[in-house]
Amino acid sequence: MTIRGAVGSVRWGYHRAADVRQWHATLDPKTQTWQLGGQVAHADPFLGTRSELVFVVALKGGRAWQWPVRALAIGGGQLRATLGPLLK
Amino acid sequence: MPATRIVRPDTTRLEISGGDWLLVKRRLNAGEQRRAYARVYREGADGKLQVDSLQTGLSLILSYLLDWSLVDEAGHVLTIRDEDDAVKMAALDAIDYDSFVEIKTAIEQHEKRNDAEAAAKKTTPPGESPSEPTSPSLVGAAGDTSG
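Line by line, the protein sequences are chains H and Y. For what it's worth, the working numbering labels the leading residue of the first sequence as 1439, then goes sequentially. For what it's worth, the working numbering labels the leading residue of the second sequence as 81, then goes sequentially.
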């Protein structure tokens, strides 16, 4: 399963470690992890090294999808990350 | 856990009148504090920096405030979460002045509590628990830590 979106952000708490455009995430059913890819619109090199990062996609009504970031790589204008299961 | 000087991006919810609430940063980090100062200093005619006292309250609010429950006439939340300072300022300009002062006061009190807690931690020897942050003796020991 692959889901796609226009914008999302990698966050450390309320800080934005990276903003991503045209992102797509593909679920690996064996590991229940997601492989995220997208274009980097903004990235903070320091915040990107923090633990406890979360990928956040805002939904209508103030709700949001959130996934824990297990690995993150940014380069060449692209962001790639491994995400854990969707947080409740 | 090792003692780090990095400020974690923790948040606190402050209750205000009318059942409304504010979501604020627990502490500012150095960059956020510098930006708060930058918003209130202006270069005077003599070239020296002067504090613009009209901006101090606004700067404090902009530095701390992340979200709130305030609504418009239709009952829709005035969206400020993840918005830049210009949007937050527009929303703060649109509310009545008493509400603005109430928000400023709530955040000022939050900052003072944090200052007192931080001062208590600095004066507490390792291995000992700090006293309650509301203890009068701690407030006295904290002195003036603002600015």
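No lab work stands behind these hints, which were simulated from the structure alone. Be aware that a few hints might be false.
Facing chain H, from chain Y, some residues (calculated, C-beta under 8 Å) [to be verified]:
(1) Arg88
(2) Pro89
(3) Thr91
(4) Lys105
(5) Leu108
(6) Glu188
The C-beta atom is built at its ideal place from N, Cα and C for all residues, glycine as well.
Do the hints match the structure? See the list:
1. This hint holds: Y:Arg88 has a C-beta 7 Å from the nearest C-beta of chain H, less than the 8 Å allowed.
2. Checking Y:Pro89 against chain H by beta carbon gives a least distance of about 2 Å; that is within 8 Å, so the hint holds.
3. Below 8 Å, beta-carbon pairs count as interface contacts, and Y:Thr91 has one with chain H at about 7 Å; its hint therefore holds.
4. Hint status for Y:Lys105 relative to chain H: holds, with the closest Cβ pair at about 7 Å, below 8 Å.
5. At its closest, the beta carbon of Y:Leu108 sits 12 Å from a beta carbon of chain H; the interface hint therefore is violated under the 8 Å criterion.
6. The interface hint given for Y:Glu188 is violated, since its Cβ lies 20 Å from the closest Cβ of chain H, which is over the 8 Å cut-off.
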